[in-house]
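Just so you know, the sequences run in chain order A and B. Using numbering that gives the first Met the number 0, read the first sequence as starting at 0 and increasing by one per residue. Using numbering that gives the first Met the number 0, read the second sequence as starting at 0 and increasing by one per residue.
Hint data in this document are derived by calculation from the structure and do not stem from the laboratory. Hints may be right or wrong, so weigh each one.
Said to hold, decoys possible - In silico EDC-like links for lysine to aspartate or glutamate, alpha-carbon gap of 20 Å or less:
id, chain 1, residue 1, chain 2, residue 2
1, A, Lys129, B, Asp38
2, A, Lys153, B, Asp38
3, B, Lys98, A, Glu24
4, B, Lys24, A, Glu24
5, B, Lys146, B, Glu127
6, A, Lys87, B, Glu160
7, A, Lys134, B, Asp272
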Amino acid sequence: MKHGKDEKTTNLAFSDVISSRLGGETINLCYQCGTCASSCPVAKITPRFNPREIIKLTLSGEKDEVISGDAIWLCCSCYNCQERCPQKVEIADVIYALRNIAVKEGYIPNIFSEFASAILNDARVVKVSKFVETKRPTLGLPPLQPTGVNALRKILSATGFDKLQQKKEEAT
Amino acid sequence: MTSYALFLGCTIPARQPNYEVSARKALAKLGIELVDLADMTCCAPPPVQSIDLETSLSIAAYNICLAEEANLNIVTLCTGCFESLAMANAMLKADKQLKARVNRILSNAGKEFEGSKEVKHYLQVLVEDIGTKNLKQKISKPLSNLKVAAFYGCHSLRPSELLKFDDPERPRVFDDLIEALGAESIEYRNKLRCCGGLLRGYSDELALELAREKLVNASKAGADCIATLCPFCFIALDLGQLQIKSKFEEEYNMPVLHYSELLSLSLGIDPKDLALQSHKVKVDKIVNKVS
């Protein structure tokens with residue numbers, strides 16, 4: 000799949016871009032019933048997030064608004080919406096697909112950028128400090144096994160994940 | 000003895016020795032052997048899925064390959080790890096094209112995903128390998144008079160089509176396991192709603208509001224404690240109480256325990272051996288009720 004320029008062709012083609020991506024396959028099944036929004040714990044507490052609205056904007060080709068906005072990052076990934084959707088739209092997964100495009104275009108929130116660096120450096124999202132590691136025997140815990148950081152770097156390089164990180168560094 | 004490859008993940012060893020210690024001790028006492036494999040990595044949870052789904056599937060598959068090489072099924076303690084690995088395992092087993100795509104990526108690291116193993120949350124191991132009735136018989140210190148608010152967390156249950164853990168709208172597995180320890184698993188408002196854990200770091204404000212709702216509802220229902228299955232839910236509700244206290248000037252003083260800690264206590268494991276000092280909200284009143 001080619002991204003970038005191709006995605007900017009026509010506004011209406013944006014939903015097709017999403018439906019051809021991993022996670023986004025089901026977006027065109029949405030008939031805007033709003034079951035997702037009424038099942039969403041985040042939508043209940045803030046007007047900044049509404050899954051039905053995100054799908055609607057995406058279907059109407061409002062790519063820039065969706066990709067550069069704050070809303071896609073406010074999904075708490077609880078999958079309530081997806082579980083209850085009568086049309087079997089994989090809403091949480093569609094939001095992942097939208098985030099993936101946002102990241103490719105340089106819109107990556109700092110916290111996610113930190114996660115990416117942590118994985119590239121240590122093969123862990125949360126680093127285990129030397130202090131905590133040396134305390135393990137006193138709690139009766141076995142030593143931690145080494146992580147497969149070298150294998151992981153090969154995987155990250157094959158998928159271009161390591162370059163996504165570079166893109167962010169260029170953008171900042 | 001039943002053996003599993005333990006997928007420990009990163010949050011538990013980095014921040015929650017209490018979870019790891021209690022889970023290892025309780026499972027050992029119940030005859031489940033945990034094997035620590037070398038070279039496991041991050042499971043590729045939602046933050047990685049957010050950056051690139053194809054990468055996250057490949058990382059999860061890489062870890063499953065290590066278990067396949069060791070000829071072991073995987074058990075996870077973290078619900079986030081469970082979701083990432085079980086979801087990838089189910090997707091790749093079901094979709095040949097996706098499996099081929101991921102295997103092309105994995106070949107760079109000298110691995111090939113076969114799809115020959117299972118990924119289980121440790122609650123599934125308790126139910127399937129020990130059985131709720133058998134577990135009940137092994138309890139030496141029943142948690143009588145303890146009202147527990149079970150908190151499943153989102154990623155033990157959903158997406159249910161892939162995880163196949165329990166009914167996503169009316170789950171019972173966790174409640175039954177709490178009652179097997181002699182405690183009462185109470186009903187409370189919006190029991191299955193999210194703790195907000197994954198919004199921490201991006202929007203702490205919204206994350207705290209969701210955690211606060213859990214604490215309000217569990218308190219109103221008269222819970223003595225909340226029981227969790229996931230290190231993120233644990234942080235959201237335990238550390239979260241200190242943050243809610245300073246932000247909203249509200250104090251809940253609600254002990255939050257991992258189910259493995261309640262299980263360990265009821266199996267008669269000495270509370271002194273359970274790293275209980277790692278809790279932000281003290282759990283003394285729960286421990287005193289048990290011993």
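**Asked** Of the hints stated earlier, which fail here?
**Response** 4 and 5
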